Amino acid sequence: MKEFFNFLIEQFEPEFAYITNWEDWKTKHYIRRPTFKSDGTYAGMGEGGMGFDFLEGIPGIYWMTYMTGEVIPPAVLSQLPSDIVTQDGRGYCIQSYPSSSLIGTEDGLKAEQKIRQTLGEDRFFDAESWLKTEMAKIK
Numbered sequence: 003m004k005e006f007f008n009f010l011i012e013q014f015e016p017e018f019a020y021i022t023n024w025e026d027w028k029t030k031h032y033i034r035r036p037t038f039k040s041d042g043t044y045a046g047m048g049e050g051g052m053g054f055d056f057l058e059g060i061p062g063i064y065w066m067t068y069m070t071g072e073v074i075p076p077a078v079l080s081q082l083p084s085d086i087v088t089q090d091g092r093g094y095c096i097q098s099y100p101s102s103s104l105i106g107t108e109d110g111l112k113a114e115q116k117i118r119q120t121l122g123e124d125r126f127f128d129a130e131s132w133l134k135t136e137m138a139k140i141k
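When you line the sequence shown up against my numbering, it's residues 3 to 141, in that order.
One should not assume that every hint holds.
To be verified - Below are the DSSO-like pairs computed for lysine-lysine, each with C-alpha atoms no more than 27 Å apart in a straight line:
#1 Lys139 with Lys28
#2 Lys139 with Lys4
#3 Lys116 with Lys4
#4 Lys112 with Lys28
#5 Lys39 with Lys4
#6 Lys112 with Lys134
#7 Lys134 with Lys116
#8 Lys39 with Lys134
#9 Lys139 with Lys39
#10 Lys134 with Lys4
#11 Lys39 with Lys28
#12 Lys112 with Lys4
Everything labelled a hint here was simulated from the structure, so no lab data went into it.
The structure displayed is predicted, hence computed values, not measured ones.
The whole structure should be built from the sequences, with the hints applied where relevant.
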């Protein structure tokens with residue numbers, strides 16, 4: 003899988019890419035949130051994917067995560083253990099844990115959290131903070 007991921011990165015040259023499964027993606031990004039009419043009035047609650055706008059932060063860390071030095075500075079990425087991060091010409095591939103079977107498990111989530119802490123939590127999308135801000139808009 004890592005070879006295929008690297009092939010896709012070489013072909014498409016993204017700033018950020020990841021591999022995870024549907025359940026993990028839903029847990030991290032599919033949230034119940036307020037919706038608003040075009041005039042800004044509250045329209046009710048809806049569900050949808052959130053956390054993909056880099057203005058709100060980096061989407062997350064997953065089983066396999068790729069990012070360029072423009073997403074997180076190389077000096078910060080170099081703080082990660084060398085056994086989980088590899089560098090190519092443009093960016094860095096982080097393999098949070100050895101097997102995809104750990105995606106969404108307690109051990110997998112702990113490994114991802116440790117990476118986020120090392121890279122700086124403030125760099126990442128925070129669904130709870132985002133939701134609090136959106137809920138405060140309800141009139």
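If you check each hint against the structure, which ones fail?
-> 2, 5 and 10
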